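Listed in order, the protein sequences are those of chains A and B.
The numbering of the first sequence is my numbering, which starts it at 1 and goes up by one.
The numbering of the second sequence is my numbering, which starts it at 439 and goes up by one.
It is possible that some hints are incorrect.
Said to hold, decoys possible - Some, not all, of what chain A presents toward chain B, calculated at C-beta under 8 Å:
1) Gly24
2) Ala33
3) Arg60
4) Leu185
5) Arg186
6) Asp302
These are calculated hints, taken from the structure and not from any lab test.
Here the structure is a predicted model, which means the values were calculated and not measured.
No residue lacks a Cβ here, since even glycine has one placed at the ideal position from N, Cα and C.
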Amino acid sequence: MSAPAEETQKYRDHEGPYFGNFGGRWMPESLVAALDEVERTFREAKADPAFIAEFQRLSRDYTGRPSLLTEVTRFAAEAGPARMFLKREDLNHTGSHKINNVLGQALLAQRMGKTRLIAETGAGQHGVATATAAALMGMECVVYMGSADTKRQALNVARMRLLGAEVVPVDHGAQTLKDAINEALRDWVASVENTHYLLGTVAGPHPFPEMVRWFHQIIGEEAREQILSMEGRLPDAVAACVGGGSNAMGLFHGFLDDPEVALYGFEAGGDGVETGRHASAITLGRSGVLHGARSFLMQDEDGQTVDSHSISAGLDYPSVGPEHAYLAETGRATYEPVTDAECMASFEMLCRTEGIIPAIESAHALAGAARLSRSWGEAGEGKIIIINLSGRGDKDVETAAEWFRLLPGQKNDPVAETDTAENGADGPSPAPETGVQG
Amino acid sequence: MSTTTAVDQRPATPASKTERAIEAARAQGRAAFVGYLPAGYPDKETSIAAAIELARNGADVIEIGVPYSDPVMDGPVIQQATTEVLARGFRLPEVFEIVEAVVEATDAAVLVMTYYNLIDRMGAEEFASRLAAAGGAGAITPDLIPDEAGEWIAATDRHGLDRVFLTAPSSSPERVEKIVAASRGFVYGVSVMGVTGARDQVSDAAERVVAAAKSAGAERVCVGLGVSTRSHVEEIGRYADGVIVGTALVTALRDGGPSAVATLTAELTGAGASR
Ligand SMILES: Cc1ncc(COP(=O)(O)O)c(C=O)c1O
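Work the whole structure out from these sequences, hints included.
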């Protein structure tokens, strides 16, 4: 094949450990041997047709890939001038994109002879996916989850337990995703002999950012083929929510070297970045090291991690995968915050206009894309945005019901103002954030 | 052990404060005792008093742990202590004040033990310069591997500070060589695969960790993680150049204040009996 001579840098070909100034391995020495083993196994597996065939078989027959690309005309019409297509990762088995990476890493764990999987989880989607793979492959499974998140995502805690996993609530720190990762790392240091740490996003030490991206690349590859065959052209923009950044990296990867396609990542803006209660690591963070990677990090003047806040447990993380930090620094991708309120408005709009209940994480991408479409004005007519619908919203029904005052006994008022007023001048936050208070 | 000849071949006074402290213990025919306490726990003055008790009761090297929001190498006891310190509004410059106070009051080599983002945020050069100005001997960095340590190595060289990297039971021979070459002061031999916390037994991995570091050329290897009794100290002292105790001392400080630290240190170092 004669590939066209490529003048521009190939973003797609980037491998770890570094993405520009970001990435690396800022990790205790005790874990370096395990990381080396994972890296070696990953590189061998990628080159092994039997591994690829097994991963593809599971993706097709178990996950249900390829996932659909659905045009949402009623939602798009309310949002602005552009046309919108959803990449339906919500239709995957277990209800989110997380299963792609989990099946890949679980196969690697088997290849390494590991019998136990551990994972962190925020929204519970990654924990559910890991518990699912462990059940499928006959492995032991322990999932660490911040205790604030076990409350706001109680449904997923029950799902994991049904699947045979042990769920360990983590009471330290902010009791959210970051603290769950700390605890998983502590487990791994002591258990690495028989245990694989199945990290759920494109963060962490090398080789996780590169490897997790690789298992999610299928999202962008499918989306690219689908839009080409449906519309005969590439989209003008693709959009995804960014917590650690795995669903975004998976979608972006299909378009990284198409300069005409704009890439948008939407971070959790919480109560608004100006309030300090948010999870917008790229927008307001600065370079630092956490959980094994150099990236943008929400930190105070001393370098202590600042607690993040978001209505979405899955985006409630004070850092971001290093490749996103790199794409932000080079300007290849644009990252913007979306507040809880903006997110929930789009959440409701998708429910009402399309009959699809999105994960609250994914609703950040919907809101960001709607804002983008509006910002184009008339020029947006006929433009195409692909949005990653990274997960379905079953797990969020309770949070949404509280937000919209749909529960028996609640007045049908928007909850946003009253809650902000109650929590307004609280200085150092007194109690762990548990999403919307009822 | 053929330590005497080895000692004689070294310069009489190594530039490194930590090396001098360890060699002084060796000259007395024993392994150095390294005691860890968190900065500012339970408050600044008490933490200084407790560290001084460490030195008075036989500690040769003192590690002042810097409280950090995400201490992945620490078990529940140290986590709880450092979380309390952070909750009362601890700020980083307090560490340098504590180091300075302990250096003034004792002859021990005083190192800080810090997760790397705290150094990174201040800037490696600035951190090293302030640590040196406070009289600190150097730093132990539990989540920094030599592969990522370019700036820190340069900064510690400029300021004549020791930098202690960790070597683990899982470290390959190539990695052990890299770690030994990058370290100054001593090499921290991690005795078990795990986090900090008192344990009943010393893992048999510890002796292999020391042997691996020695065969890679390390002159001083101290062993830590899980050491909590006098018999652990004696056992490790037979093959290592120093013994590191943390959690047991933090528990003593928590439950009985500086005087409990004094009693436990005397017991662990053998200073309580006859030395
Ligand atoms: C549905 C869904 N989308 C997105 C995320 C955020 O993760 P990432 O940024 O790695 O895609 C999560 C995490 O829990 C999730 O459950």
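Legend entry - When the least beta-carbon distance from Asp302/A to chain B is tested against 8 Å, hint result: holds (4 Å)
Legend entry - Hint status (Cβ of Arg186/A to nearest Cβ of chain B, threshold 8 Å): holds (5 Å)
Legend entry - Supplied contact hint for Arg60/A, tested at 8 Å Cβ to chain B: violated (37 Å)
Inset, instruction - Would you settle whether the hint for Ala33/A is holds or violated, based on the nearest Cβ-Cβ distance to chain B being less than 8 Å? - result: holds (4 Å)
Inset, instruction - So, Leu185/A near chain B? Judge it on the closest CB pair being under 8 Å. - result: With a minimum Cβ separation of about 5 Å from chain B (threshold 8 Å), the hint on Leu185/A holds.
Legend entry - Cut-off 8 Å, beta-carbon criterion: hint that Gly24/A touches chain B: holds (5 Å)
When held up to the earlier numbered hints, the structure conflicts with hint 3 and nothing else.
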